[in-house]
Amino acid sequence: DTGVSQNPRHKITKRGQNVTFRCDPISEHNRLYWYRQTLGQGPEFLTYFQNEAQLEKSRLLSDRFSAERPKGSFSTLEIQRTEQGDSAMYLCASSPPGDQRTDTQYFGPGTRLTVL
Amino acid sequence: QKEVEQDPGPLSVPEGAIVSLNCTYSNSAFQYFMWYRQYSRKGPELLMYTYSSGNKEDGRFTAQVDKSSKYISLFIRDSQPSDSATYLCAMRGYGQNFVFGPGTRLSVLP
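Quick note, the sequences are listed as chains A and B, same order.
If you count the first sequence from 1, position 45 lands on 45 in the working numbering, and the numbers rise without skipping.
Plus 1000 on top of the position in the second sequence (first one is 1) and you've got the working numbering.
If we strip away everything but chain B, and leave its shape as in the complex, we get (with noise of 0.2 Å):
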């Protein structure tokens, strides 16, 4: 089992639709929590991070983290086409070893 588990997709969406991504994770002595971007032949690119359980929003996403269930999600209001991209979670302890989770691959259909 890999410590960090997301369903690859590809997912696809008409344009406005909330879009809805989830990790799992094994190892509970993750404490920071993180969503990236990474558009095709580009690095990641940072959307939210979270530390420790909560809810966190910014603009049209919004970052929940459930450690009692190893659960994170990204929630995506009024999705755009714009927003067509692999999306990362990741996540560390108290190191600098960040995990990722493999990506789920969004489309977002005008």
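So that you can see chain A by itself, here it is in the shape it has in the complex (with noise of 0.2 Å):
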């Protein structure tokens, strides 16, 4: 299967604590997104890589967020100081070089967090 993967797909972890999560994109998939979904929400945009630039980032992302992408191709999410209000599935997508007004996002599976 080649489709975009998340790891862990799981992860509890306790208040306070750093967590990061890694997504590998499709092959030559050179756009990168990764979004923050809760129970009976749409998944709300956190930020998008072009290759290994972050060209945008959410106005309402907190400073405790941080994610890379340093050779263009499998990104990290980093969570510090876990909050409970973190608790949600955060999904990763890829899409691939071309024209940018036919993009298709190819979304991975997620990583449920859950902060006790």
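Everything labelled a hint here was simulated from the structure, so no lab data went into it.
Note that this is a predicted model, so its numbers are computed, not measured.
Hints are supplied without guarantee of correctness; some may be wrong.
[Unchecked claim] Straight line, CA to CA, 20 Å or less: simulated EDC-like cross-link-like pairs of lysine to aspartate or glutamate: (1) Lys14/A <-> Glu52/A; (2) Lys57/A <-> Glu1003/B; (3) Lys1056/B <-> Asp1066/B; (4) Lys1002/B <-> Glu44/A; (5) Lys71/A <-> Glu52/A; (6) Lys1042/B <-> Asp24/A; (7) Lys1002/B <-> Asp1066/B; (8) Lys1042/B <-> Glu44/A; (9) Lys1070/B <-> Glu1005/B; (10) Lys14/A <-> Glu78/A; (11) Lys1067/B <-> Glu1005/B; (12) Lys71/A <-> Glu56/A.
[As the list claims (entries may be wrong)] Partner residues aside, some chain B positions facing chain A, computed with beta carbon under 10 Å: (13) Gln1006; (14) Pro1008; (15) Tyr1036; (16) Arg1041; (17) Ala1090; (18) Arg1092; (19) Asn1097.
Glycine included, C-beta positions come from ideal geometry on N, C-alpha and C.
Please assemble the complex out of the two chains, which come individually in their own frames, going by the hints.
As structure tokens, then:
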């Protein structure tokens, strides 16, 4: 299966701990997105990378969140000093290069974070 | 008021029915409109993609965009039990900040 993969699939942590999630996009997809989804809501945009450059970041994103894509391939999302409100599904999506008017995002299965 | 509104449902229909799903939005800068399907415990899957106003058809699915009314629709013809899922509308302007609606849960009963 060459779809978007995310690890871990589940993470339980205590409040105040740091967590890091990994996303491996589809090979040769240069665009990568992170979203957060809570129960009964649609995905909420967090940040966007084109290759290794982080080009967009949600204004609502706390400074405790940081994302990287150092070599333009896999990406990591780190949450520092986790809070109970951070409990959610964190989704990663990737898109191939080309005409951005016809972009298709391919989503991974997500990482479910529970902060106790 | 949220940027994108969507009736959360649940919406239950008999197999074979025509389903109409709708979203309204407030940001006139949105230019690109999408519909995603999300099964339980899975990531969303793109169904339809439309640029600006107009209609687009793909198999049993038809997407409509009315920018003057800030209203988009997805129609599903001959609905099947396998169509049971949450349907999310999404949209963006010229950036890559996609805004999703909260989703409508659909159940198609055999």
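These are the hints, each one checked on the structure:
no.: 1; hint: Lys14/A <-> Glu52/A; result: violated (31 Å)
no.: 2; hint: Lys57/A <-> Glu1003/B; result: holds (18 Å)
no.: 3; hint: Lys1056/B <-> Asp1066/B; result: holds (12 Å)
no.: 4; hint: Lys1002/B <-> Glu44/A; result: holds (12 Å)
no.: 5; hint: Lys71/A <-> Glu52/A; result: holds (6 Å)
no.: 6; hint: Lys1042/B <-> Asp24/A; result: holds (16 Å)
no.: 7; hint: Lys1002/B <-> Asp1066/B; result: holds (19 Å)
no.: 8; hint: Lys1042/B <-> Glu44/A; result: holds (16 Å)
no.: 9; hint: Lys1070/B <-> Glu1005/B; result: holds (11 Å)
no.: 10; hint: Lys14/A <-> Glu78/A; result: holds (15 Å)
no.: 11; hint: Lys1067/B <-> Glu1005/B; result: holds (15 Å)
no.: 12; hint: Lys71/A <-> Glu56/A; result: holds (17 Å)
no.: 13; hint: Gln1006; result: holds (8 Å)
no.: 14; hint: Pro1008; result: holds (7 Å)
no.: 15; hint: Tyr1036; result: holds (8 Å)
no.: 16; hint: Arg1041; result: holds (8 Å)
no.: 17; hint: Ala1090; result: holds (7 Å)
no.: 18; hint: Arg1092; result: holds (9 Å)
no.: 19; hint: Asn1097; result: holds (5 Å)
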